[in-house]
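Protein chains: 2
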Amino acid sequence: MPVIFWVVPVSGVITVIFAIFLARNVLKRSMGTPKMKEIGDIIFQAAWAFLKRQYTTIAIYSVAIAIIIGVLVGLLGGTEVEGLSALDIGWRTGVAFLVGALCSGVAGFIGMYIAVKSNARCAAAAQKSLTEAVNVALRGGAVSGFLITALSLIGVTVIFFAYGGATNPEIAPHLIVGFGFGASFVALFAQLGGGIYTKAADVGADLVGKVESGIPEDDPRNPAVIADLVGDNVGDCAGRGADLFESTAAENIGAMILGIAAYAATGNIAWILFPLCVRGFGMIASMIGIFFVRAKENESAMSALNRGYFVAIALSVVGLAVTVYFMLGNWWLFGAGVVGIAASVVIIFVTQYYTEWRYRPVRSIAEASKTGPATNIIMGTAVGFETTLATALVIGVSLLLSFWMGDMSGVHGAFGTAVATMGMLMTCPYVLSMDTFGPITDNANGINEMAGAGPEVRKVTDRLDAVGNTTKALTKGYAMVSAGLAAFLLFQAYLDRVSFIKFGESGLYNIVDIARIEVFVGALLAVMIVYLFSSWAIKAVGKTASKIIEEVRRQFRADPGILAGTSKPDYARAVDITTRAGLREMIAPGLLVVLGPIIIGVVFRFIPGYDAAMAVAAVLMVGTIGGIMMASYMNNGGGAWDNAKKMIEDGQLKDDEGKVISKGSFAHQAAVVGDTLGDPLKDTAGPSLHVLVKLLATVTLVMCPLFIVL
Amino acid sequence: MPVIFWVVPVSGVITVIFAIFLARNVLKRSMGTPKMKEIGDIIFQAAWAFLKRQYTTIAIYSVAIAIIIGVLVGLLGGTEVEGLSALDIGWRTGVAFLVGALCSGVAGFIGMYIAVKSNARCAAAAQKSLTEAVNVALRGGAVSGFLITALSLIGVTVIFFAYGGATNPEIAPHLIVGFGFGASFVALFAQLGGGIYTKAADVGADLVGKVESGIPEDDPRNPAVIADLVGDNVGDCAGRGADLFESTAAENIGAMILGIAAYAATGNIAWILFPLCVRGFGMIASMIGIFFVRAKENESAMSALNRGYFVAIALSVVGLAVTVYFMLGNWWLFGAGVVGIAASVVIIFVTQYYTEWRYRPVRSIAEASKTGPATNIIMGTAVGFETTLATALVIGVSLLLSFWMGDMSGVHGAFGTAVATMGMLMTCPYVLSMDTFGPITDNANGINEMAGAGPEVRKVTDRLDAVGNTTKALTKGYAMVSAGLAAFLLFQAYLDRVSFIKFGESGLYNIVDIARIEVFVGALLAVMIVYLFSSWAIKAVGKTASKIIEEVRRQFRADPGILAGTSKPDYARAVDITTRAGLREMIAPGLLVVLGPIIIGVVFRFIPGYDAAMAVAAVLMVGTIGGIMMASYMNNGGGAWDNAKKMIEDGQLKDDEGKVISKGSFAHQAAVVGDTLGDPLKDTAGPSLHVLVKLLATVTLVMCPLFIVL
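Note that the protein sequences, when read in sequence, are chains A and B. Oh and the first sequence: position 278 is 278 in the numbering used here, straight run, nothing missing. Oh and the second sequence: position 606 is 1606 in the numbering used here, straight run, nothing missing.
In case anyone wonders, no lab produced these hints; they're calculated from the structure. Just so you know, not all the hints are guaranteed correct.
Claimed, not checked - Here are the simulated lysine-lysine pairs, DSBU-like style, with alpha carbons at most 35 Å apart: (1) K1663(B) to K1646(B); (2) K370(A) to K1543(B); (3) K1659(B) to K543(A); (4) K1210(B) to K663(A); (5) K663(A) to K1370(B); (6) K1646(B) to K370(A); (7) K210(A) to K1370(B).
Stated by the list, open to error - One side only, chain B facing chain A, incomplete, derived with CB under 10 Å: (8) I1395; (9) L1400; (10) M1528; (11) S1535; (12) A1617.
As the list claims (entries may be wrong) - Counterexamples of contact, computed for chain A against chain B with all Cβ distances above 12 Å: (13) E38; (14) G74; (15) A264; (16) I288; (17) Y325; (18) G329; (19) K459; (20) N469; (21) G504; (22) E505; (23) F556; (24) A572; (25) S662.
Note that the Cβ used here is the ideal one computed from N, Cα and C, for glycine as well.
Turn these sequences into a full structure, and let the hints guide you.
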């Protein structure tokens, strides 16, 4: 074991201590007035109730799938490894799946728990000062960001060694693929269910509240307002937590599989352990970055966050250099890692360009709002589609460069892309902290509104909320590009595994010939799955939202005192309806993604002359392309719509005579329509597509014996 | 030469006579009142002015590209054929390009000319009876439908023999690929420019007329109304005419290239001439089908059209059987052709399901309109995305089946898909006639409105207009699936041609390995190009529409008499603005598609170790997948939005108490917003994507020496 490997346990322990320290710091703060505390408690209970029911559903599916995987792999994948019987491999894969699923669930819970606990405290802090509010929100966000990445690192490491990584390092990565599948399986449902919940509540509450009844956002008279606030926590926090947990886990495992070839050639285990060590250094770099965020009253919170991010980036480069020097001794691979880090910086600027109102795209959407909702949406769609150019170029150039460096290093081109992915993901804990910052400030804003805080306090949380919107968009750009970079490493891992099962060693199965009819049709179906999944996810939001609208209308009709402010609406019922609908609606799209590739592979397996494993490879590769392009449209388009609306609300849009077009105007109403469309795109379908891309990789990785041996 | 080949010249001559007969029949009819005649003349002049300017622009580009192609192919592709010098091949390809471009332009002109001439006559006929109106609209549509397909058949045949098809049948198909490129080059610009024109005028006129000023659609007080009517002719008729001309031409040429291998093995030229003969029989079958359309006053016009279509389908099967029996003597290939014909029937039902208000999808959009434009658009997007399932399944299953039959036939799997494509395209003249039926009735409706016809007459043309909407949607479904079927044949043709240039014979270059980094990145960029192209096309509509809105507002401000009905608006100025903007905006997206694959190929060509021709193959194949899925969303989603609006206007939507929600209601306004978004999707970007898919195939086919020899 190389000495530098100690960075993994050490950074893991430090990170956990750091997170505990932050959590205590946040939790000991005041929750504000009793009214605010009460609202905070209601949100926590409702979020917890949703998560409990969601996890129960997911747990049932997980156990069923673990058993199926165990049996199938046990029956079909048994001949692959010497010294391990078929049964051994089967139960190990099933158990790995369950452990991955469990950890992913815990990650989601952590994300939700800390965020909910930080909401009211951030709201209370905002009554004191902006700096205080930023501190609470960022620390709260950092708790989940760091705990989740630490959990991923520790989880992969422990299961790797538990499955004989020390003695059989060339076998163990194949045994732990189940861990990645379990993690992404849970992440998909968490992200989907949470995403449906949060946006249905948001859209429903807004339409019936703001549009029909003319009451402000987050007004306590709206029966759906608690559901809306809960949504931010279960969707953005729990969902994103599970998402990034599985990203880091799956990509670690994929990179370890790619390292096996170099290990086999050199006998140096460093090639397999390298991804874990890079991740360790990344956590430390991110941690130090957090210390550099000291918001000043007269400074934009975004500048403070950016400062910390660039510190984390700079330290990541140093950490990468150290790891490469001690473990691989190959500077070409350092170059590949730097490519990944550079990609993460570039995409941040690109995302800001497309989603901040200072730049042309958002301004053009706001301008188009002057002629109504139709032109607003036409322009927003055009902007969203256009963002694929930047996304594709960043991913494409990074892949070509890092592959070339991997080639030059003498190892393998694909290993270069793996190192680039690892480099990019070094700052993951920091980015995740920024991301959770968003929903915390959003909720603080809502709590202050409900508790009737004055306009001065609202101004502080409004400012934070706008920053939160940007950080959320940045994270999505980051997650998307990292998914794109990881794609190549993940399907090289798939091909290696197919080769391993077919021929007993890596590298012999490496052609995916899309000119074969079944491979081409597989690719066609993969892009279709992306559209169908998005369709179902969007429709789920629409259906759930209309249930909420009906319920709110019913309550308003049944008790006119609610709107008058004399009686209290039945929040719990709205929460309950959203919970049930959200959970019901997540099943179909979730199963589509899990079963889609399996069905294609198994059906093609039974047609003579077809190479089913190759067709599934095309599903994976072209599905990834389709998914990332669609996600780019949805995430950036949604963010641009949102900020075009915010731009008008800020009084930044002027008519031909230079008069400000304000809130409530025709143009503003048009912009609200655009934002409402953008919501399910950017917060339900878009983020779920990241997970879809990863899930395609992990499900095919685990299930590939089905397409070969069956 | 097989005797059956006589079907080509004979059917060509008969078709031209048939079209002349129909044209005379239409032209001798009354144009109605002097007022109607006047409006008809204005429309014709404006459409002609647009086409003249558009064709001037396209001509300049075409000549430039013809020269570039000639020089490049002359320099690079020269070693490929014995007996022909490099220079010979170069100028032949360039000339073929010009001839193809010219024919495509003529096809567009025919489409526009006949449609415009039929508009006023259809309007006048509607004042007599529904049957008469249907007859005029269908005959007008049939003139262009049949002339265009005859032109395609004759054009390909003539250039094939002019380039030595009789003596060197294995070489000639390679020499005429320029014809296909020229045709699709012009088609792309015709479809794009016309599509931008028509939808910008439509959106602009509607927003400022219906929404802002509260005047009805096609009201003569609206200065943009003539531009709107012109748009239907230059977009839907001229654009679609050029589109289907290049489809039939490119797919014929591709199928002939695939036939070379079988010719080389058997020495029987029938394998190369087969696609032309099938097309000849298809024209005859479609012609007979037209005779079976006899609308009855008490019958839906759609039923009459469907009857004729099924006759054409049945006769096509017979024609196919005859051709296969005499030319190939292989019943497996007959089966493949039937698969194609069946696909065209299935997609018609699927399209009807997704775009007619009797079925769930459109109803769900109309229902969602009750809660406003945002939910209308969310639901419409979901429906549009969902349609990719049916499109992908129809294409996928047809490809797998026809490939299998091709394999079983002993020729080649890809030849099976070629026969399927030929089978599907047999009814092309009929479908194109139905398609042109749409804009003719649409315009007749507008002319009657402008000329102040009574409500009884409006009712007749309104009914026809709704049928026209459906036929337009059907054609798009048909064009999309045929593009998908053709895709496989076209890129097999590309691979054959690469093989030919690289190794001097077909079939040696047949792997497109998407696991190679440059191939994967090519595929990624291809899907990006689809999004970017759509973005620019949509944005062009938005930008042009806002110019029109400004102009209309200016006219209303400058002369209040316009809205009062006392003074005449300046139609010409609105037309002029639309023309200029439409032409300017078509350049960038057009060049993107032409230059995109070339740039990718040439850049990759200069990177050592990359297989540029393979990367371009991936651009072609995955770009096709991305384009077809996107087009499915846009065409069907747009159709569904349109008909959801029409459903509400028809009084088919009811509230909870069973009361009809009528025109002008909140729900109807929401549905109008959805329709306005759907317009540029279904009439600008969507149809242009069909051409994009074909153009990707023809441009790579012609330019492939660049990626190999350069």
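Now for the hints, and whether the structure bears them out:
no. : hint                 : result
1   : K1663(B) to K1646(B) : 9 Å, holds
2   : K370(A) to K1543(B)  : 13 Å, holds
3   : K1659(B) to K543(A)  : 22 Å, holds
4   : K1210(B) to K663(A)  : 24 Å, holds
5   : K663(A) to K1370(B)  : 24 Å, holds
6   : K1646(B) to K370(A)  : 26 Å, holds
7   : K210(A) to K1370(B)  : 16 Å, holds
8   : I1395                : 7 Å, holds
9   : L1400                : 6 Å, holds
10  : M1528                : 4 Å, holds
11  : S1535                : 3 Å, holds
12  : A1617                : 7 Å, holds
13  : E38                  : 31 Å, holds
14  : G74                  : 29 Å, holds
15  : A264                 : 20 Å, holds
16  : I288                 : 34 Å, holds
17  : Y325                 : 26 Å, holds
18  : G329                 : 24 Å, holds
19  : K459                 : 27 Å, holds
20  : N469                 : 18 Å, holds
21  : G504                 : 20 Å, holds
22  : E505                 : 17 Å, holds
23  : F556                 : 15 Å, holds
24  : A572                 : 23 Å, holds
25  : S662                 : 20 Å, holds
Of the hints listed earlier, there is not a single one the structure fails to meet.
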